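Undergrad: Given chain A, work out where chain B should sit, using these hints.
Next come the chains, spelled out residue by residue.
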Amino acid sequence: NAGVTQTPKFQVLKTGQSMTLQCAQDMNHNSMYWYRQDPGMGLRLIYYSASEGTTDKGEVPNGYNVSRLNKREFSLRLESAAPSQTSVYFCASTPGQKNIQYFGAGTRLSVL
Amino acid sequence: DAKTTQPTSMDCAEGRAANLPCNHSTISGNEYVYWYRQIHSQGPQYIIHGLKNNETNEMASLIITEDRKSSTLILPHATLRDTAVYYCIVRVEAAGNKLTFGGGTRVLVKP
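Top line first, the protein sequences correspond to chains A and B.
Sequential numbering from 19 applies to the first sequence in this note's numbering.
Sequential numbering from 1265 applies to the second sequence in this note's numbering.
If we strip away everything but chain A, and leave its shape as in the complex, we get (with noise of 0.2 angstroms):
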């Protein structure tokens, strides 16, 4: 049982190459997040996917595409990647009604 699997681990990409971040869980869990954390900050919600089908903005949208592919799938997608969105970004997801969630181990991304 794997939990939430992000891919890849590490990426350094140029200014203005675009990329997708890759999140799985095999919890069957209905809800999956998005999240991004800058050196010495809190984490900031980027997307979020209540249900399978749904999606919604969270706190920085901006730059960020999401698709939730299946129950189990929720990429992130950087258009064009500018050096602001160097970060970590987690994934996260959660069964339904309590607020328990499930984190990644996190992308780590350089933007150049």
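Honestly, the hints are just simulated from the structure, not real lab data.
If you're wondering where the values come from, they're calculated on a predicted model, not measured in any experiment.
Hints may contain errors.
Unchecked claim - Straight-line alpha carbon distances no greater than 30 angstroms define the calculated DSS-like cross-link-like pairs of lysine-lysine that follow: (1) B/K1267 <-> A/K116; (2) B/K1333 <-> A/K89; (3) B/K1362 <-> B/K1267; (4) A/K75 <-> A/K116; (5) B/K1374 <-> A/K75; (6) A/K89 <-> B/K1362; (7) A/K27 <-> B/K1362; (8) A/K27 <-> A/K116; (9) A/K116 <-> B/K1333; (10) B/K1267 <-> B/K1333; (11) A/K27 <-> A/K75; (12) B/K1374 <-> A/K116; (13) A/K116 <-> A/K89; (14) A/K116 <-> B/K1316.
TA: This is chain B only, laid out in the frame that chain A set:
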């Protein structure tokens, strides 16, 4: 959501109990208190949650005051591996809920 206030940092001696306070004076009747922690470079980890009764699990105990305006997370025998940032979050239970991770308390367990 009710706002929470936590100390910025605290130190604790290894083997001793660590008591982490959280103020949530504007909490409403249906909001739960959740505690998470984040060990350096890792994703946050759920610890415990409660509504009004005290709760205990294998990781910690949660003490909520009778008026529910504050709570304390207790790590009974702190180890060096408990060094982390601890987040207190107040939220209703609902599907697809967003959690707000504020600044938290940076706990350093010293040998």
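Undergrad: Would you mind marking each hint as holding or not holding in the structure?
TA: Against the structure, the hints come out as follows:
1. B/K1267 <-> A/K116: 19 angstroms, holds
2. B/K1333 <-> A/K89: 37 angstroms, violated
3. B/K1362 <-> B/K1267: Roughly 14 angstroms separates the two Cα atoms, so the pair holds.
4. A/K75 <-> A/K116: With Cα atoms ~20 angstroms apart, A/K75 and A/K116 stay inside 30 angstroms; holds.
5. B/K1374 <-> A/K75: 41 angstroms, violated
6. A/K89 <-> B/K1362: Satisfied, since the Cα-Cα distance of roughly 18 angstroms is no more than 30 angstroms.
7. A/K27 <-> B/K1362: 24 angstroms, holds
8. A/K27 <-> A/K116: 28 angstroms, holds
9. A/K116 <-> B/K1333: Between A/K116 and B/K1333 the Cα gap is close to 21 angstroms, so the pair holds against 30 angstroms.
10. B/K1267 <-> B/K1333: 11 angstroms, holds
11. A/K27 <-> A/K75: 24 angstroms, holds
12. B/K1374 <-> A/K116: 34 angstroms, violated
13. A/K116 <-> A/K89: 18 angstroms, holds
14. A/K116 <-> B/K1316: Given pair A/K116, B/K1316 holds - Cα atoms ~16 angstroms apart, limit 30 angstroms.
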